[in-house]
Amino acid sequence: MEASQFKSDQYVRFCPGCGDHAICMALQKAMAQIGIAPHQVAVISGIGCSSRMPHYLNTYGFNTIHGRGGAVATGVKTSHPELTVWQMSGDGDCLAIGGNHFIHEIRRNVDLNVCMFNNRIYGLTKGQYSPTSAKGFVSKSSPFGTVERPFIPAQLVLGAGGTFFARTLDVDVPTTVDCLVAAQQHKGCSIVECLVNCVIFNNGTHAWIADREQRAEHAIILKHGEKMIFGKDRDKGLAVEIDPVTFVPKMIVVPTDDPRVLVHDAHQPDPTLHRFLALMGQHRFVSVNAEVTDDLPVALGVIRSVEAETYDEAVNDQIADVRAKSKAKTFDELTATLETWTM
Amino acid sequence: MKNIVVRFCGDSGDGMQLTGNLFSSLSAILGHEISTLPDFPAEIRAPQGTLGGVSGFQVELGSEVYTPGDKADVIVAMNAAALKVCTLGSHFNHPQAHFDDEFALYHRHAIVIVDTDSLNDKDLEKAQYHTENPFTELGIPESVQIVPVALTTLTKEALKDSGLDNKAMLKSRNMFALGLICWLFDEPMDEAIHLLEDKFKKKPALIAPNTKVMVDGYNYGQNLALSVSQIHFDGHPNEAHGTYTSIAGNKATAWGLIAAAEKSGKHLFLGSYPITPATDIMHELAARKDMNVMVVQAEDEIAGVCTAIGAAFAGDLACTSTSGPGLSLKSEAVGLAVMAELPLVVIDVQRGGPSTGLPTKTEQTDLLQALYGRNGECPAVVIAASTSANCFDYAYEACRLALENMTPVILLTDTYLANGTALWRIPQLAELPEIHPQTVPEELKDRYNPALRDERGVRYWAYPGMEGYQHRNIGLERDAERGTISTNPENHEQMVRARQRKIAQVADRLPELKVICANGQNEVLLVGWGSTEGHLHAAANELGCDLVQFNYIHPLPKNTHEVLRQYKRIVVCELNTGQFAAYLRANFPDLPIEQYNEIQGQPFAVERIVNFVKSLVG
Numbered sequence: 001m002e003a004s005q006f007k008s009d010q011y012v013r014f015c016p017g018c019g020d021h022a023i024c025m026a027l028q029k030a031m032a033q034i035g036i037a038p039h040q041v042a043v044i045s046g047i048g049c050s051s052r053m054p055h056y057l058n059t060y061g062f063n064t065i066h067g068r069g070g071a072v073a074t075g076v077k078t079s080h081p082e083l084t085v086w087q088m089s090g091d092g093d094c095l096a097i098g099g100n101h102f103i104h105e106i107r108r109n110v111d112l113n114v115c116m117f118n119n120r121i122y123g124l125t126k127g128q129y130s131p132t133s134a135k136g137f138v139s140k141s142s143p144f145g146t147v148e149r150p151f152i153p154a155q156l157v158l159g160a161g162g163t164f165f166a167r168t169l170d171v172d173v174p175t176t177v178d179c180l181v182a183a184q185q186h187k188g189c190s191i192v193e194c195l196v197n198c199v200i201f202n203n204g205t206h207a208w209i210a211d212r213e214q215r216a217e218h219a220i221i222l223k224h225g226e227k228m229i230f231g232k233d234r235d236k237g238l239a240v241e242i243d244p245v246t247f248v249p250k251m252i253v254v255p256t257d258d259p260r261v262l263v264h265d266a267h268q269p270d271p272t273l274h275r276f277l278a279l280m281g282q283h284r285f286v287s288v289n290a291e292v293t294d295d296l297p298v299a300l301g302v303i304r305s306v307e308a309e310t311y312d313e314a315v316n317d318q319i320a321d322v323r324a325k326s327k328a329k330t331f332d333e334l335t336a337t338l339e340t341w342t343m
Numbered sequence: 001m002k003n004i005v006v007r008f009c010g011d012s013g014d015g016m017q018l019t020g021n022l023f024s025s026l027s028a029i030l031g032h033e034i035s036t037l038p039d040f041p042a043e044i045r046a047p048q049g050t051l052g053g054v055s056g057f058q059v060e061l062g063s064e065v066y067t068p069g070d071k072a073d074v075i076v077a078m079n080a081a082a083l084k085v086c087t088l089g090s091h092f093n094h095p096q097a098h099f100d101d102e103f104a105l106y107h108r109h110a111i112v113i114v115d116t117d118s119l120n121d122k123d124l125e126k127a128q129y130h131t132e133n134p135f136t137e138l139g140i141p142e143s144v145q146i147v148p149v150a151l152t153t154l155t156k157e158a159l160k161d162s163g164l165d166n167k168a169m170l171k172s173r174n175m176f177a178l179g180l181i182c183w184l185f186d187e188p189m190d191e192a193i194h195l196l197e198d199k200f201k202k203k204p205a206l207i208a209p210n211t212k213v214m215v216d217g218y219n220y221g222q223n224l225a226l227s228v229s230q231i232h233f234d235g236h237p238n239e240a241h242g243t244y245t246s247i248a249g250n251k252a253t254a255w256g257l258i259a260a261a262e263k264s265g266k267h268l269f270l271g272s273y274p275i276t277p278a279t280d281i282m283h284e285l286a287a288r289k290d291m292n293v294m295v296v297q298a299e300d301e302i303a304g305v306c307t308a309i310g311a312a313f314a315g316d317l318a319c320t321s322t323s324g325p326g327l328s329l330k331s332e333a334v335g336l337a338v339m340a341e342l343p344l345v346v347i348d349v350q351r352g353g354p355s356t357g358l359p360t361k362t363e364q365t366d367l368l369q370a371l372y373g374r375n376g377e378c379p380a381v382v383i384a385a386s387t388s389a390n391c392f393d394y395a396y397e398a399c400r401l402a403l404e405n406m407t408p409v410i411l412l413t414d415t416y417l418a419n420g421t422a423l424w425r426i427p428q429l430a431e432l433p434e435i436h437p438q439t440v441p442e443e444l445k446d447r448y449n450p451a452l453r454d455e456r457g458v459r460y461w462a463y464p465g466m467e468g469y470q471h472r473n474i475g476l477e478r479d480a481e482r483g484t485i486s487t488n489p490e491n492h493e494q495m496v497r498a499r500q501r502k503i504a505q506v507a508d509r510l511p512e513l514k515v516i517c518a519n520g521q522n523e524v525l526l527v528g529w530g531s532t533e534g535h536l537h538a539a540a541n542e543l544g545c546d547l548v549q550f551n552y553i554h555p556l557p558k559n560t561h562e563v564l565r566q567y568k569r570i571v572v573c574e575l576n577t578g579q580f581a582a583y584l585r586a587n588f589p590d591l592p593i594e595q596y597n598e599i600q601g602q603p604f605a606v607e608r609i610v611n612f613v614k615s616l617v618g
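Quick note, the sequences are listed as chains A and B, same order. Per this note's numbering, the first sequence starts with residue 1, numbered consecutively. Per this note's numbering, the second sequence starts with residue 1, numbered consecutively.
Listed next, the in silico DSS-like pairs over lysine-lysine satisfying Cα-Cα at most 27 Å (straight line):
1) B:Lys203 with A:Lys329
2) B:Lys199 with A:Lys325
3) A:Lys187 with B:Lys289
4) B:Lys289 with A:Lys325
5) B:Lys263 with B:Lys445
6) B:Lys212 with B:Lys167
7) A:Lys327 with B:Lys289
8) B:Lys445 with A:Lys29
9) B:Lys212 with B:Lys156
10) A:Lys7 with A:Lys29
11) B:Lys156 with B:Lys203
12) B:Lys122 with B:Lys160
13) B:Lys445 with A:Lys7
14) A:Lys329 with B:Lys202
15) A:Lys325 with B:Lys263
16) B:Lys203 with A:Lys325
17) B:Lys263 with A:Lys327
18) B:Lys201 with A:Lys327
19) B:Lys202 with A:Lys325
20) B:Lys203 with A:Lys327
21) A:Lys327 with B:Lys202
22) A:Lys329 with B:Lys199
23) B:Lys568 with B:Lys514
24) A:Lys223 with A:Lys29
25) B:Lys289 with A:Lys329
26) A:Lys325 with B:Lys201
27) A:Lys187 with A:Lys7
28) B:Lys263 with A:Lys329
29) B:Lys167 with B:Lys199
30) B:Lys199 with A:Lys327
31) B:Lys514 with B:Lys558
32) B:Lys201 with A:Lys329
33) A:Lys250 with A:Lys135
To list a few chain B residues with every Cβ distance to chain A over 10 Å, as calculated:
34) Lys2
35) Asn219
36) Pro433
37) Arg569
These are computed hints drawn from the structure, not numbers from a lab. Note that CB positions come from ideal geometry on N, CA and C, so glycine has one too.
One chain only, chain A, in its complex shape:
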């Protein structure tokens, strides 16, 4: 299928230069690559810049209310598991007002593909700090800097028992397409954190990896089954070292010929290593004053992808099981089972 089959007739109204344009294009490409017909696809969103996405896709779409996209999507997928269901959300929509639905769709493992656009700011309400803004971040609602600790989305996803977590960057369209296709192919709740630039209110928030050369040094694109190697000369590998005193393990950068260089296993059920990988580079966002004390890259690509029973499947299977065994299947048969008398 062609990406054009997934373009709607709507004029795309993201700000010029916004990272959402690239994600929109990547979504259309990924959907074409996946090859599911547009009428079998439902794209659900809440409120925010990212939540405008359904309007630009020629699938079924529902732009709902702030924070509730996850709950609406859960209803769509559970009642109709044959549909492919995407959820478009942002760091505010997903992690603040919709936080409860977000952790519960992950806990239940509803088979959804969730794109969480993280620009670390509220854009549509014109520039307030978000749950992913670094402590000390100055915005219209935090003129003296925020005093709050931010969420690291990966930590929340893994804490809620997430079965799939990928991270991508707006300007890296091929990696975005790969992550989106993998999210769709994964059976279960797939979270893709899309790092996007808000050109108006938080320009340059991902600058340290936006530039191609910088990215080669500061990011690693993880691929299942491949050695963890990065750097513009692909001369750096990742390994785990255990501190001999505290026994706390940590990620380290080693030469590529070091036998300790890890091979990425996204399918490992134990999330320990996935967590280490997902947290690399994230301390920069905990506080505006954070000092970069290591040379660890931020992990992009599919960090975790494990199979587990999905909620929608379990709900439907249980109904089918009970129905197969029950004698009464219609209303009239049901009322015939009652204790009755006739007048």
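Go by the hints and put chain B onto chain A.
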């Protein structure tokens, strides 16, 4: 006797609800009309023997039963606290020195069966008695027949060979009382045993000991025969021919949804979150997987309604069940369903409010919230059930109206209807009204958009999986022609009016408002809505005046003004401070509307309505 009111009172762990329900079902099976009123504390287990822990169950049986009754003819009190609560009611802190025929909760010639094993000094102290003689202290007149029964001792005696421990034995005390009551009403033991077996079919070990205790209670009654006489009824059931069962309002509501799903050919989806007193609807539907019902117990009230909206977007008959606090939380999402014009059934089992209020008590205080409690101009259909049995009909009707008119429908019931039981004539699916969901016609394929309407002004429903109807639905304002986002000022006004017109046209096919008991005078009209029908019916009969009871609230039946304007005095009676009265005044400013209100968390007492109207007319 024509009709009898029986009140069971015990500790919340004494199984009074079970006893009352079994007795009511048994009475219904024997052909009596019934109306029941369970009344239990919000705490699951308050300290044993205390006033706060008393749980009650009242049933009226006989013929032409409209309410669970004002005053008890028979009282069963399982301990000292129960005796106090069931004779003095909520006034138990202010014992009356003299029996007052008007205000007493029982008749002057009532029978009071009381467990004498639970009236010792410690029991009296826990129940805050000040003297050693509870009967005198409570002002029970000598004309009341006290039947002292050593319930605890006799129950232990019945089970002495059962091998059960003391605690397990005491749990069966209620069955001794049930057996005794069955004897009093001459109800046959074999039917009662049959019901008991059905009730305990999942715990078969409990059948034998409970049956033994119940039968012993019955036989004990026979030995009492010299001092107490059995009660026989003169009345004959006057319900229409058919097959009957007894049903609680919440269960009837759940079954109405099931019937509507099958009739409309839609898959039934419930998104809900536990809340008293609505949870039994979710329980019943979760158990009905055999009927292909899908229940999502959501993470919160908002997710309950939002998962339902998702299912409606995907083409299901989608419902959410809740009570007042939950309806508050769902408001924004109900607005989304109004804006997205999706079919959605919202069931609000009203309880005492505001906030957490009185979770287990009844009230009609969510009417204005249902009508207006959303941001923007946000009309929805609002209907109300008026008996425990017709919760079935109005749940069915809510589904029909939602599916045919692409709108949220809010169905109001309340604690009184939800937990009360009534006689229900079981319908066949074939005899229920047809339901025609507003599915998009074939000819709109490839040129569909979500703003397209039929001649009634109702938009067409297309959902994922249908090829050639892809569209984007929104909570934002949409263009009246193209269905896409629009901020155009004229378009907004046009859409606001289109949504209002769509709800208003629902009235074109609603049944007309009927005067219930036309007594042929036009002096006084009683007006009620929802669950007060039984009490107002009985009051109107006693007063010899007419009554109209509203089930359709928004929109109102088209002949409402025509009916109401015939009367010189219109008295709107509600369990709130006058919400429906205010709504009628706003709609019909020319009508002379008066009001009678009670807000005590309890159903009306017929006598109080009668006295009020009499004082009004003079």
